[in-house]
Amino acid sequence: VNNSLLALYSLENLTRLYIPDVMFNVQNYPLTLTPTPLFTRLTELHFGMRFCSMNDVDVVLRIIKNSEKTLKIVYLSHNGSDVDEARGKELMLQQSQDISLDYYDFNLDLASFAWYVPNGSKQAAVFAVLAKRSNLLHHITNFMYAPGAIIEVLGSMRRLHDISIRLATESIVEELDSLEILIRNNRLPKLLDLSIYTTRNNLRDNSTIQHHPLKKLCDDLGIGFSF
Amino acid sequence: MSDSNQLRLNSISTSATPSLDYINRLPTELLDYVFQSIYPSDEREFQPYRPIIARVAPKWNEMMKRITYYHVDCEERAIILEKMFREQPTRGEAARSLDVEYLEPDGRKGILQELLFRVPALSKLKLDADSIYREQDYYYERMDETNGEVKWTISGILMTLRSLPALEEFEVRWLNNGLLFDYDWYIHFSSRSGPFANVE
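Chains A and Z, in that order, give the protein sequences. Its first residue numbered 8, the first sequence is counted upward by one per residue in this note's numbering. Its first residue numbered 78, the second sequence is counted upward by one per residue in this note's numbering.
Only chain A is shown next, with the shape it has when bound in the complex (with noise of 0.2 Å):
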């Protein structure tokens, strides 16, 4: 073990910080002697990572926190394939909801924050446990690729402007009733535009979207909609 983390905590300068592709490999760490990056301007932070446990996450939450005065660009994407793989790992992300461990409550003031969600990735627990440990899902502006299961949490998120998410055939029409009372009732007042995708395209899929009072709702509200 290189401990590179450390080094990486060490530059008290960084405003940029652009990993496209980082994994954090967090051994015997407890949660509530958490290290502390000593940069604190980050001005930009592009991440694309892989979570394989809460430690990984509160990683990123304890960089974006200490920065969270001067952050104005944040860019996550995580890849589920080691999640994917062993769901046991998947569990520790479930059972890391703890409620004595650090909420973050983020007072962030961002020009954009976008999250993307590659293709395959089925990581829906890293955004239970993002809800329960934080605030940060609160703003996100654009949400790319989501899971349909982000819509249990999708109503936290005050500042989406722009969210493509991908539904389950098999519950697509509960999940679009979900977005019509989340879209009917405000929940995403700053919406401009949703698109929909199925895990299977089929022409079933769109005679359902298509003739679904969501489109109508969007279409009354102004909000782009496409599938």
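Don't take each hint at face value.
[As the list claims (entries may be wrong)] Cut-off 27 Å, straight-line C-alpha distance, at most; resulting in silico cross-link-like pairs (DSSO-like, lysine-lysine):
id, chain 1, residue 1, chain 2, residue 2
1, A, Lys223, A, Lys197
2, Z, Lys203, A, Lys76
3, A, Lys139, A, Lys223
4, A, Lys76, A, Lys197
5, Z, Lys160, Z, Lys203
6, A, Lys79, Z, Lys203
7, A, Lys197, A, Lys79
8, Z, Lys142, Z, Lys160
9, Z, Lys160, Z, Lys201
10, Z, Lys142, A, Lys79
11, Z, Lys201, A, Lys76
12, A, Lys139, A, Lys222
To be clear, the hints were calculated from the coordinates, so they are not data collected in a lab. Keep in mind it's a predicted model, so treat the numbers as computed, not measured.
Fit chain Z to the known structure of chain A by using the hints.
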């Protein structure tokens, strides 16, 4: 041909061949802009012309000695730069920005690490580990072959970050392989300085 065009041609043909010194009389900012547009992105093609340019644009040649931005796209360039900084430490100390589009495949020589140790005031570092494969047909196969080796090279480079306290911008592109940042709490718990200052 119109009179005005004939007049222009006469004017051009009768004027004396301009002295090469006119390049030196250009404003420094303009001269810098002109040469930055071709250097260092085409560095390898550019190098053979350096002696010629040094003669026709000595002012630019002097400016080059004060350059703070460097670009490494091959092992040869890394070795040359490292040697230059070793022999002229003040130039290494003046370096502010370094783009690296090359990684040693075996990681044994540690040239890049040596290079980083010689630029302590660097404020911007970009490592593009994918660039050497990007234009090759066998991109993915080659990446698989060298994955482990490159990983060790990058791992060594990450540890040299401690020698770059002025770093403000850090960018690493190594897609599909995951740049690994390790941390073991038990090994470092006894340390009470730096990032552990807040540990109870």
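These are the hints, each one checked on the structure:
1. A:Lys223 <-> A:Lys197: The given pair, whose Cα atoms are some 18 Å apart, holds under the 27 Å limit.
2. Z:Lys203 <-> A:Lys76: Holds, at roughly 25 Å.
3. A:Lys139 <-> A:Lys223: Since the Cα atoms of lysine 139 of chain A and lysine 223 of chain A sit roughly 33 Å apart, the hinted pair is violated (cutoff 27 Å).
4. A:Lys76 <-> A:Lys197: The given pair, whose Cα atoms are some 23 Å apart, holds under the 27 Å limit.
5. Z:Lys160 <-> Z:Lys203: holds, 21 Å
6. A:Lys79 <-> Z:Lys203: Given that 27 Å is the threshold and the Cα spacing comes to 21 Å, the pair holds.
7. A:Lys197 <-> A:Lys79: holds, 18 Å
8. Z:Lys142 <-> Z:Lys160: holds, 15 Å
9. Z:Lys160 <-> Z:Lys201: holds, 21 Å
10. Z:Lys142 <-> A:Lys79: Answer violated: lysine 142 of chain Z to lysine 79 of chain A is near 36 Å, above 27 Å.
11. Z:Lys201 <-> A:Lys76: holds, 22 Å
12. A:Lys139 <-> A:Lys222: violated, 31 Å
In terms of the numbered hints stated before, the structure departs from hints 3, 10 and 12, listed from lowest to highest.
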